Amino acid sequence: MISRAEVEHVASLARLGLTDAEIDQMAGQLNRILEAIGTLQSVDTSSVGPTAQVIALENVMRDDVARDGISRDAALANAPRREGPLLRVPLILEEGR
Amino acid sequence: MPDPLPLADRTITEVGELLHRRQLSSRELTEAALARIRRDGEALNTFLAVGGERALKAADAADVALAAGDTRPLLGIPYALKDIFVTRALDDQGRPDGGLPTTAGSQILAGYRSPYASSAEERFGAAGAVLLGKTNCDEFAMGSSNENSAYGPVRNPWDRSTVPGGSSGGSSAAVAAGQAFFATGTDTGGSIRQPASLTGVVGMKPTYGRVSRYGMVAFASSLDQGGPLTRSVRDMALALGAMAGHDPRDSTSVDLPVPDYVAALNGEVRGLRLGVPREYFVAGMEPGVEASVRAAIGLLEGMGAEIVEVSLPSTEQGLATYYIIAPAEASANLARYDGVRYGASAGDEDLLANYLRTRGDGFGAEVKRRIMLGTYALSAGYYDAYYVKAQQVRTLIKAEFDAVLAGVDALLAPTSPSVAFKIGAKTDDPLLMYLNDACTLPVNIAGLPGISVPCGLSNGLPVGLQVIGRAFDEAMVLRVADAYERAAGFSDLRPPTAHD
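Going down the list, the protein sequences come from chains A and B. In terms of my numbering, the first sequence has 19 at position 19, counting the first letter as 1, and numbering is strictly consecutive. Remember, my numbering sits 97 above the position in the second sequence when you count from 1.
Honestly, the hints are just simulated from the structure, not real lab data. The structure displayed is predicted, hence computed values, not measured ones. Check before you lean on any hint, since a few could be wrong.
Pulled a few chain B residues facing chain A out of the computed Cβ check, cut under 8 Å [claimed, not checked]:
{"id": "1", "residue": "T349"}
{"id": "2", "residue": "A417"}
{"id": "3", "residue": "G444"}
{"id": "4", "residue": "D445"}
{"id": "5", "residue": "L448"}
{"id": "6", "residue": "G457"}
{"id": "7", "residue": "Y473"}
{"id": "8", "residue": "K486"}
Beta carbons: idealized from backbone N, C-alpha and C, even for Gly.
Work the whole structure out from these sequences, hints included.
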């Protein structure tokens, strides 16, 4: 069973702001889903390796050649906040440090 | 002789012939599709953006090329992109260039204009096809009914009180309703095949790696694959031929030659061994669906295919495996919506508060549920029990498919256990909704190609036959589906709303 506190913890890991009503509803729904997917625990996988992807490709390499990318103005055009040629972001270090 | 279908409802193959004989212009064809969008687009809620003027300009350019004798098969054919495919909408100075916005069906991307084109937009553009607009879909392609779109549900043209399936429901409904001659979808657990089944069109998920994911808004990167939705299998062969192929910008795109899919359609199934996996005829399946699919299998047997019952015992683990792997990958992919670089932002000066509010306000309920499920499955203490376990079962599911497909040429199964259901019928129960994809998601887990082709009606609504093939053997899947389609005669199936 996933508790309300656990739902809040997972939401904070996911940087997802949930309302109290959402947390309550999410706890109930996640428990039902987790119960349904818990059936996997009964499968014997002791001698089975994990599959991360299904095609036999690995380490695709290419030459390191410079090429034109997206222009700065186009890359910044969708920014919620911008200052000249820069993205404006919230402060992550206190001033003076 | 029955009346010919209205122009807007015909296949690419039929209208292409008229275009190349110069009996029809791409402008007329584009106007016919746009007229349907004007007439029914709002009621069906199929499109999130329509670029009529731009489409007519592209049609005029196609007409010039047609007049010069250009024989490319998609030249001048009007089509739509699921709004998961980015379309270039900015010039190098960052100004809107008249291109279409991309939302992925989410509020968090409202007003987003991509600075680059998806591989799909580029490839169909290079093939001369005419882009009409962007189709509605479940938010970030998460859903089986199109009810998770932030822009409202799509309605099924067969019965507007029912869903068109999802997540590519806008595309499937548009193709069914004469609003586009083909459209693209993305299929992570059935999101092309299931809506194709529910709206009576053809939908194909190619082998993982066959079609470039470049410019497809990511949901679950090891499962996502783009593909077309069309009105016939031959049209599918044409559209897939244009969409498939190696793209160095997607490192999971495989560098294999793309065969001539149209040439593979020989109408012949004699001598083929076709497997019927018994686990796909699940308890609780709609009797009319089972009857239609069994009849289709019987028809193929009558045409000379050898039908063999096979078993894929891990099928019942498919749902659980999928609902760990897909949300886990989604939770990582959707971390990019941070309210800083692009997309909606709460505008809070505190970094953490900005993340929480931006994401809390910007994502819908199903997307939040999957981010939570995925974050939980990847979090400390649960990683091995859920995520690694699911990856191990993925190995088993794939191994079973490989073993069975070593002995048969393709598999036959239902696409969806039911026909289209009422809007609202399953929205309160996420698990019930997830069961819609029980027959399609094992195919994504194993990365195989699968197609849904109409195989009749149950209670007046379309049923789909699913054909599943070996990795990179789309040609065989298309051959079987085409042979069936020719013999069954359901290819003129159109919803009642389609008629002019």
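Checklist entry - Which hint numbers does the structure go against, in order from smallest to largest? => result Those not satisfied: there are none.
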